[in-house]
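Using the sequences and the accompanying hints, generate a full structural model.
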Amino acid sequence: MYSFQNDYSELAHNDILVALTKLETEQNLGYGHDKHSKNAKRLIQNYLTPDCDIHFLTGGTSANKIIISHILRSFEAIIAVETGHINVHEAGAIEASGYKILTVKGVEGKITPLEVREVVKANQDEHSVVPRLVYISNSTELGTIYTKTELKNLYETCLELDLYLFIDGARLGAALTADDNDLTLKDIATFSDIFYIGGTKNGALFGEAAIIKNPKLKHNFKNTIKLNGGLLAKGFILGAQFEALFTNNLFFRLAKYANGLAKKITQGLKKLSIPLAQRWQTNQVFPILDEKIVTKLKEDYHFDIWETRDGKQTIRLVTSWAININEVDAFLETLAKLL
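In my numbering, the protein residues as written are 1 to 339.
There are no misleading hints in this set.
Taking CB as the label site, the calculated pair distances span:
no.	residue 1	residue 2	range
1	Asp51	Lys271	40 to 50 Å
2	Val107	Asn220	30 to 40 Å
3	Asn39	Pro215	20 to 30 Å
4	Asn46	Glu156	21 to 31 Å
5	Lys292	Ala330	18 to 28 Å
Only pairs whose alpha carbons sit at most 27 Å apart, straight line, appear in this in silico DSS-like list of lysine-lysine:
no.	residue 1	residue 2
6	Lys256	Lys152
7	Lys296	Lys264
8	Lys222	Lys38
9	Lys218	Lys38
10	Lys298	Lys264
11	Lys264	Lys312
12	Lys312	Lys271
13	Lys292	Lys312
14	Lys296	Lys312
15	Lys216	Lys100
16	Lys105	Lys312
17	Lys296	Lys263
18	Lys337	Lys264
19	Lys256	Lys271
20	Lys234	Lys38
21	Lys270	Lys296
The set of hints was computed from the structure by calculation and includes no laboratory data. Positions of the beta carbon are idealized from the N, C-alpha and C atoms, including for glycine.
Right, dumping it as structure tokens:
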């Protein structure tokens, strides 16, 4: 069985494993005060605006929970698209923290300024929660990406309405290396209040790097990490990984490779006249197949079934830094034979 189910099935890229091996007998200060964490922050800071704080966190759900709980008061709420990760894939972690998620339909997995305005307008009195935070992900759960104009317009809307903009960057590497992308890490920092750079889904053993641009959100952030059980004593393990990821452009090279494999799959599907449920942009591909074909494919491959309707199933194929291009060729050959 070969897996196209996610982009974190393998342990970690070799450069990161080498970096971690060097820590075996090396003594480091704890809780992120070590030299590796400091150097990793310096390397990342080169891509950002100069006014950013950087903190290393353990994983995506934890990062979302920590960041949201740091920003919001108990009566404040989040605006997100229906397909947003915090709404469908985090076991109610945000709601369990006491915060309501106000959902909108979105367009291709992306929230629009008009939708934000409508939610704020609908929650104006003391009987409702107060919208305070707009949550987006880039790339989205559908593999789509925000353009610079879209992000700028959304951020300006948030500023006008006194809202914070938080970007879930679990797959930010995929977004920034997409063929259609016109954003940089500096742009992401410019047009948001807080975001994170995902390592778990882009070659790291685990870990995300939270970037705080808004000075109102910087104070006591590390206390919030500790409060939520996310402050590693051995924080140098996170620091060393991001040190490796941001040396020799490894972070961007790994993401670009994964996108390239997804592009190859998309081109192969087109030759086979297989439609997509969602246009391809990053390392997620959503082909629509007959249920019988999907059943046969599942004998040899792992993947998620996204939707079932009228005898057809939309499946999700995810490529990663670790997938061999020969496995993509084999998948397309298998699919062609089944058709």
